[in-house]
Every structure is written in structure tokens, then in C-alpha cells.
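Given the coordinates of chain A, assemble chain B onto it according to the supplied hints.
Protein chains in written order, with the working numbering: chain A, 3 to 261; chain B, 10 to 171.
Please keep in mind that the hints were generated in silico from the structure rather than gathered at the bench. As the structure is a prediction and not an experimental result, all values here were calculated from the model. We put the CB at the ideal spot given by N, CA and C, even for glycine. Some hints could be false.
Partial selection, computed: residues in chain B whose CB lies under 10 Å from chain A [what the hints assert, rightly or not]:
id	residue
1	16
2	22
3	25
4	32
5	35
6	38
7	39
8	64
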Amino acid sequence: MALIQTLGARTLRWLYSLGHAAYFFADLVRFSPAALRRFGLVVAQVHAIGNRSLVIIVASGLAVGFVLALQMYYALVRYGAAESLGLVVNLSLVRELGPVVAALLFAGRAGTSLTAEIGLMKAGEQLAAMELMAIDPRARVLAPRFLGGIVAMPILALLFSTIGIIGAWVVAVLLIGIDAGNFWSIQQSGVDIWRDVGNGIVKSAVFGVICTFVALYQGYETQATPEGVAYATTRTVVVSSLGVLGIDFILTALMFSTP
Amino acid sequence: MSKKGIETLVGLFVLLGILALTFIALKAANLASFGQRDGYVLQARFDNIGGLKARAPVRSAGVAVGRVTSIRLDPKTYQGLVTMEIDRGLQFPRDSSAKILTNGLLGDQYIGLEAGGDEKNLVAGDTVTQTQSAVVLENLIGQFLFNKANDAGAPAPAAPKK
Chain A
3 MALIQTLGAR TLRWLYSLGH AAYFFADLVR FSPAALRRFG LVVAQVHAIG
53 NRSLVIIVAS GLAVGFVLAL QMYYALVRYG AAESLGLVVN LSLVRELGPV
103 VAALLFAGRA GTSLTAEIGL MKAGEQLAAM ELMAIDPRAR VLAPRFLGGI
153 VAMPILALLF STIGIIGAWV VAVLLIGIDA GNFWSIQQSG VDIWRDVGNG
203 IVKSAVFGVI CTFVALYQGY ETQATPEGVA YATTRTVVVS SLGVLGIDFI
253 LTALMFSTP
Chain B
10 MSKKGIETLV GLFVLLGILA LTFIALKAAN LASFGQRDGY VLQARFDNIG
60 GLKARAPVRS AGVAVGRVTS IRLDPKTYQG LVTMEIDRGL QFPRDSSAKI
110 LTNGLLGDQY IGLEAGGDEK NLVAGDTVTQ TQSAVVLENL IGQFLFNKAN
160 DAGAPAPAAP KK
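Extracted from the complex, chain A is given alone in its bound form (with noise of 0.2 Å):
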């Protein structure tokens, strides 16, 4: 009776926490418009977000294309495919690593920073004193972020795989000596526009929304002493990486499934 009580308590547990992040994104959502018209903090957060998570995008990038494009390298000119790596290459990076490999730094790199910040603020009470002022913090604290991480997020899963593809080109083409116009005009016959660039370019933006409404949300439900910070951080980082990880596998089944 009991195992059956706590498997129920469990469940309504579950469903409740459920039900109030639901409410929450709903919040967002709901003052992100507002947000808009003070452009001034999206700007700021975007600048937060975006151009300071610009070194790790770009240096992970680089590692990324070097050492698929050798890895690669390896495997394709056993079949002498060599050609064809740029396009292997390419559309790794465009379909899949891009967006994931950036949406995870993403969360280590910008998520953890929202997460503390607003975990912060929360403890130091300064939440509840803008609500003493009749301010909604969610209108001028979280929805500037929200928007601003939506906005960074695309941009830098397109910079990841622009540099990424720079990558295999130099191994590519400098290093190993593989024909440049075959490297390039192979991409352009394989690559399509839509299919390829913009469904990742689709990808990462609800990476984006997903990466950032987690860390908010962990954030914003924190306990406000140092344990609860720390809990809430590191919350952040796996809630949202495991999250990335399954929506892209959705998405990646409803994007590409048919040839």
C-alpha cells in the first residue's frame, strides 16, 4: 500500500513540476513581446550571451572541422572517395554538429551564467524587492534573456559550422592536398539550402529556446542559499544538454527521416 502511495505521490509530483515549468514557459512567452519594446535589454543580454560565448563557439569550431576532416580523411580514401570530403564534413557540421555541439557549449558556457545570476538574485532578495516596486522581474528580467538567447543561439551554431567547414579546408585542402575546386563544388551539388542549412538553422533555434527557458527556470526556482545555486547550476547543464540530445533526435526523424 504504501509502494503505492509513494509511486502515486511521485507521479502527481512529476506532473506538478510539469504543470508549473509549463506555466512558466507560458510566462515567457507571454512578456517577450513586451521586452521587445525595450530593446535596450535585449541588446545587452545578446551581448552577454552571444558575443561572449564568440571564443568557445569559434575555438571548438576549429577543433571540430580539423579532426573530422582528418578522421574522415582516414576512412574515405580507402574507397577513393577523398573528394568528397568537404561535403562529409559539410553536412555533419550543418545537419547535426552545429547545432548540438553549440547548443551543449551553449549550456555550459551561457545557460550556467543565467542560471547563477538570476539564482543570485533571487537569494539576495532582489526579485522580491522588484516586485515590492510593482515590476515584474519575469517582464524585466527573464524575458530580455529569454529573447536574447534565442536570438544568440542560431547565430552561433552557423558560426560553429562556418568556421568548422574553414577547418576541413585547411586540413583538406593546405594539408593533405585535395583539389579545391572539387572541395567546394562537390558541397554545392551535395548541400541543399533549405533541407540541409535551414533545417539546422530550425534546429538551433529551438535548441535556443530550450537551452535558455531551462536555465531561467532553474534559476528562477532555485533555493535561495549557496547549495541551492550549486544544485540549480549544475541542474541547468545536465536538464538541458539531455534535453538537446532527445529534441534533436525528434527532429532529426522528422527533418530527415525521408531521402
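Same frame as chain A, but now just chain B:
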């Protein structure tokens, strides 16, 4: 940092994103080939289209002159009905023939259009009547084995007669 400084940096950030998209679109994807989409439509029926796919190139003398736009089964003749778009400005005689060819040993399949000698040209919506199907490796091997068996089997019935 001042407000203007932040705005400039964000502007640079967005500009970088736009540059990245343009780079991918023009240099590493097929946007550049979208310009010559303007063309006229021809059809061709094949007994077997093999591994031909929509968007496969149409080549004449090895030069890309158009693209396959759609492939479906003709419900009356049970042949593959291939619709292709040929660049405007390129005319082909009425008795031109279409073949399904393969790019190298393992490459993609494409349509090879061979110009004929007729004085009238194909116009939009016409059907190319002379076609040659894709070579299906299984059929080829089957035929080869069949011939081999025939060769080996032919003298055999003669043997018990003596």
C-alpha cells in the same frame, strides 16, 4: 561598457552570423545554382530508372544542362515517368535520345541527353521518345549467367544421342 559600445559589439556579432550564412549558402551549398532554375520541361519514359533520384543532373556531352524535377510511375504503361527541366536557351532536336548513366563506377546516376539530327526542336512539355534504361547490375549478372549456362548446356543434349 557604454551602451553604444555594447550595441556596436552586438551589431558585429549579428553581422558575423549573416556573413557565416552567406558563406555557407554561396560557397558550401547550392544557392548559387538556383539562379539558372529558369527552364522548360521535358518528359521521358524509362522501362527502369535504376537509382535515379529527383534533382539529379541532366547532361549533354557531359555538360550539365538541367535537372530532374520529379519521378513517378506512369499508371498506364508501368514505366518510370521522369520530368526534367532543361535550361532555357538550349534547344534539342526532336529525335534526341535520353539514357540513364552512372557517374563513374559507384557514382550517382544522371540522365544523358544525346542530340539527334531532326530539324525541328523539342518544345516545352514534349516527351523524349528514344530512351535507354538504367543498367541494373543484377540483371546484367543474371543475363551473363544465363548465357554461360546456355553455352555450357548446348552441347550436353547432343552427347547421349550417340
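To test your reading of the hints: which numbers does this structure violate?
none
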